[in-house]
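Colleague: For reference, the chains in residue letters:
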Amino acid sequence: MTLPPEVHSTARPRHSPFMIWRWPLLIGAASGFGLVAALVADGVLDAVAAASLAIPVFLVCWFYLCPRKR
Amino acid sequence: MQSRALRKWSWVHKWTSLICTVFMLMLCITGLPLIFHHEIDHLLGAEVEPATMPAGTPSANLDRVLAAAMEKAPGKVPHFLIWDRDEPEVVMVSVGPTIDADPSKNSLVRLDSRTAEFLDIPEFEGRLTYILLKLHTDMFAGLPGKLFLGLMGIFFCIAIISGLVLYPPWMRKLDFGTVRQKGRLLRWLDWHNMIGVVTIVWALVVGFTGVINTWADLVIKIWQFGQLAEMTAAYKDAAVPDKLSSIQAAVDRARKEMPNMTPLFVAFPGSILSGKQHYAVFMRGETPLTARTLKPAIIDASTGELTDSRDLPWYVTTLLVSQPLHFGDYGGMPLKIVWALLTLLTIVVLITGLYLWWARRRSRSIARSAGRLQHSPQTT
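First to last, the sequence lines map onto chains W and G. Under this note's numbering, the first residue of the first sequence is numbered 1, with each subsequent residue one higher. Under this note's numbering, the first residue of the second sequence is numbered 1, with each subsequent residue one higher.
No lab work stands behind these hints, which were simulated from the structure alone. Be aware that one or more of the hints could be misleading.
Stated by the list, open to error - Per the computed footprint, the stretches of chain W lying under chain G, defined by three or more beta-carbons under 8 Å from a beta-carbon of chain G, are:
{"no.": "1", "region": "17-26"}
{"no.": "2", "region": "38-46"}
{"no.": "3", "region": "49-60"}
Stated by the list, open to error - Computed beta-carbon distance windows for the label pairs:
{"no.": "4", "chain 1": "G", "residue 1": "Lys221", "chain 2": "W", "residue 2": "Val36", "range": "50 to 58 Å"}
{"no.": "5", "chain 1": "G", "residue 1": "Leu43", "chain 2": "W", "residue 2": "Val36", "range": "43 to 51 Å"}
{"no.": "6", "chain 1": "G", "residue 1": "Arg364", "chain 2": "W", "residue 2": "Val36", "range": "37 to 45 Å"}
{"no.": "7", "chain 1": "G", "residue 1": "Leu185", "chain 2": "W", "residue 2": "Leu26", "range": "27 to 35 Å"}
{"no.": "8", "chain 1": "G", "residue 1": "Met26", "chain 2": "W", "residue 2": "Val44", "range": "32 to 40 Å"}
{"no.": "9", "chain 1": "W", "residue 1": "Val36", "chain 2": "G", "residue 2": "Arg368", "range": "44 to 52 Å"}
{"no.": "10", "chain 1": "G", "residue 1": "Arg255", "chain 2": "W", "residue 2": "Met19", "range": "54 to 62 Å"}
{"no.": "11", "chain 1": "G", "residue 1": "Leu218", "chain 2": "W", "residue 2": "Arg14", "range": "47 to 55 Å"}
{"no.": "12", "chain 1": "G", "residue 1": "Glu125", "chain 2": "W", "residue 2": "Phe58", "range": "54 to 62 Å"}
{"no.": "13", "chain 1": "W", "residue 1": "Val44", "chain 2": "G", "residue 2": "Leu354", "range": "18 to 26 Å"}
{"no.": "14", "chain 1": "W", "residue 1": "Arg14", "chain 2": "G", "residue 2": "Gly226", "range": "41 to 49 Å"}
Glycine included, each C-beta is placed from N, C-alpha and C at the ideal position.
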């Protein structure tokens, strides 16, 4: 697979696997928790589940409104 | 990762995505309104609402409810008596021309569970939600359609996993959430990667539970010929009794056996979910999790005696627990709204993926044409 020159550029240091996976893992864990929480109990956990599952939506809106450009 | 391995994963991602994208788009577009099917049906006035009564109004005798339902469906026989999970004041009787007729073609007689008053026999086939549901579950093609969509779901899950494998090489020098502005292709690639990775757990769970749901008919058949046949083995040659014992007594007997559970539906003798001689009263738990799992009580329809009751096998329980995780209907309206927003994000991932494939293909073909033009001998 040919990666674009920006990816190969030596101008920026490479991220460690931890840096690459840090946010996806945190968001994934929150989504997993949200999916299970509402199944386990009603009431407060329903709200917590919706909030946890809404994190990806919030992030996409955030990056759309305040783009991190390069 | 070795570039050879990367190329292989890239090939897997490209082809599994390309095969399933059109069907996944159709599933997302039809699934989106189905999240709110109850609200849409209410809004379109498709169903008669039960009268408002004080909380705690006792339920009517089920034999009276059944008699009222059959009065409205002359010449038909009852297959199931079902309590509406979302509206406990509504009870439905599913009726068909004969007891062994295909239950998917049954009519539903809706009644007020407190007064046994007839509400309506909704016409499902003309409804918007029915058309969307049929498209979403089997594309009007029955079991083959379901299994085909299940296969597309498997491709979708593989596309997600291969996309995850391809994610780190692209992000080696990019901070999370970066969207490069150097050209449309890079911009869409960054959006595709970012939205894809933040929705990955949800998409994988909804995709995989969707695949499990496409096997529902097969799972029910396996249960019918397995555990149900075992529970009613002693009566396998018996005919459906001419006169059935009281359905209210059967439900009361099941309640006595399982005091911490609530009846969800009763399958009548001879229907696909019971033996020829028995009522099967399916009880559900009262906590959010146990409300999704069922336990049948097999009641002799001649004597009203309980003959067997067992926990459902793991494969039926898996199917039942996977359903809310696919429908997103287990956490009230806020969860439904989040479910809809995540579906919209999945649509964006699908469309950007398709666009990236098309744009790269086009730029490669332009580059090839330019190369051919450069190397072609000049004519004078």
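Colleague: Hint by hint, say whether it matches the structure.
Modeller: Quick rundown of the hints versus the structure:
1. 17-26: It holds, with 6 qualifying residues against the three required.
2. 38-46: holds (count 6)
3. 49-60: holds (count 9)
4. G:Lys221 with W:Val36: 50 to 58 Å: For lysine 221 of chain G and valine 36 of chain W the Cβ distance comes to about 30 Å; the hint is violated.
5. G:Leu43 with W:Val36: 43 to 51 Å: Hint violated: Cβ distance 31 Å, outside 43 to 51 Å.
6. G:Arg364 with W:Val36: 37 to 45 Å: holds, 44 Å
7. G:Leu185 with W:Leu26: 27 to 35 Å: The hint (27 to 35 Å, Cβ to Cβ) holds, given that leucine 185 of chain G and leucine 26 of chain W are roughly 29 Å apart.
8. G:Met26 with W:Val44: 32 to 40 Å: holds, 37 Å
9. W:Val36 with G:Arg368: 44 to 52 Å: Taking Cβ atoms as reference, valine 36 of chain W and arginine 368 of chain G lie about 50 Å apart, which means the hint holds.
10. G:Arg255 with W:Met19: 54 to 62 Å: Once the Cβ atoms are compared, 57 Å apart, the range 54 to 62 Å for methionine 19 of chain W and arginine 255 of chain G holds.
11. G:Leu218 with W:Arg14: 47 to 55 Å: holds, 48 Å
12. G:Glu125 with W:Phe58: 54 to 62 Å: violated, 40 Å
13. W:Val44 with G:Leu354: 18 to 26 Å: This hint is violated: roughly 40 Å between Cβ atoms.
14. W:Arg14 with G:Gly226: 41 to 49 Å: For glycine 226 of chain G against arginine 14 of chain W, whose Cβ atoms are near 55 Å apart, the range 41 to 49 Å is violated.
The structure does not agree with the numbered hints 4, 5, 12, 13, 14 stated previously, though it agrees with the rest.
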